[in-house]
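*Asks:* Sequence:
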Amino acid sequence: MPVSVQIIAEHNLVYVKYTGPMKVSETAAALTEFSKHPFAGPGLRHLVDLTELTDLDRDYAKFMELQAKKVETMAGHGIETFMVYYATTPIGLHAASLGKNGWTPESGVVAIVLEDEEHALHALGLPYDSIAIMLDKVDAQSV
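For the sequence shown, our numbering gives the first residue as 1, with consecutive numbering after it.
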């Protein structure tokens, strides 16, 4: 599946990586698996890596349905969730903008878009200069 989700418990982080085209159905399946994980829930920080995204599912009605499911899983509950969308290409930046703008102020999700890898990691309070180094040094649990 072109979307992978890893929970890095020691950093209270969910790392999501897209490769190839983003399909709403595959994202929904990954969200369902994530929601079943014992560490899943509001308050986790999220790093959504869109640097290898090549295309975007244009079914915006399904995208909005998925966003509503994400709100149920990751938002509300009085706990703030911080999300960084890391994107470097026009399609990645478009997807990041859609994702960021899908969160309402009352959802409790604070989302930003960054184009620099080191800045994305540091914004999340992570002591790494690259995602590859982070993944080499941590014990990630794939969802």
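These aren't lab readings, by the way, just hints derived from the structure by calculation.
These numbers come from a predicted model, not from an experiment.
Some hints could be false.
Said to hold, decoys possible - Cβ-Cβ distance ranges computed for the label pairs, FRET-style:
(1) 137 - 58: 36 to 44 angstroms
(2) 10 - 119: 18 to 26 angstroms
(3) 135 - 68: 16 to 24 angstroms
(4) 41 - 105: 17 to 25 angstroms
(5) 118 - 61: 30 to 38 angstroms
(6) 25 - 127: 33 to 41 angstroms
(7) 26 - 97: 36 to 44 angstroms
(8) 115 - 60: 21 to 29 angstroms
(9) 32 - 60: 29 to 37 angstroms
(10) 12 - 58: 28 to 36 angstroms
Stated by the list, open to error - DSS-like cross-link-like pairs, simulated, lysine-lysine; straight-line CA separation at most 30 angstroms:
(11) 100 - 62
(12) 36 - 69
(13) 62 - 137
(14) 100 - 137
(15) 36 - 17
(16) 69 - 23
(17) 100 - 69
From the three backbone atoms N, C-alpha and C, an ideal C-beta is built for every residue, glycine too.
*Asks:* Now, for every hint given, state plainly whether the structure supports it.
*Replies:* Now for the hints, and whether the structure bears them out:
1. 137 - 58: 36 to 44 angstroms: Given about 38 angstroms between the Cβ atoms, the range holds.
2. 10 - 119: 18 to 26 angstroms: Holds, at about 21 angstroms.
3. 135 - 68: 16 to 24 angstroms: 31 angstroms, violated
4. 41 - 105: 17 to 25 angstroms: 20 angstroms, holds
5. 118 - 61: 30 to 38 angstroms: 37 angstroms, holds
6. 25 - 127: 33 to 41 angstroms: Roughly 36 angstroms apart at Cβ, these two residues keep to the hinted range, so it holds.
7. 26 - 97: 36 to 44 angstroms: 20 angstroms, violated
8. 115 - 60: 21 to 29 angstroms: Between residue 115 and residue 60, where Cβ atoms are some 24 angstroms apart, the hint holds.
9. 32 - 60: 29 to 37 angstroms: 20 angstroms, violated
10. 12 - 58: 28 to 36 angstroms: 34 angstroms, holds
11. 100 - 62: 16 angstroms, holds
12. 36 - 69: 13 angstroms, holds
13. 62 - 137: Not satisfied, since the Cα-Cα distance of roughly 37 angstroms exceeds 30 angstroms.
14. 100 - 137: 28 angstroms, holds
15. 36 - 17: Given pair residue 36, residue 17 holds - Cα atoms ~19 angstroms apart, limit 30 angstroms.
16. 69 - 23: 15 angstroms, holds
17. 100 - 69: 15 angstroms, holds
This entry does not satisfy hints 3, 7, 9, 13, going by the numbered hints stated previously.
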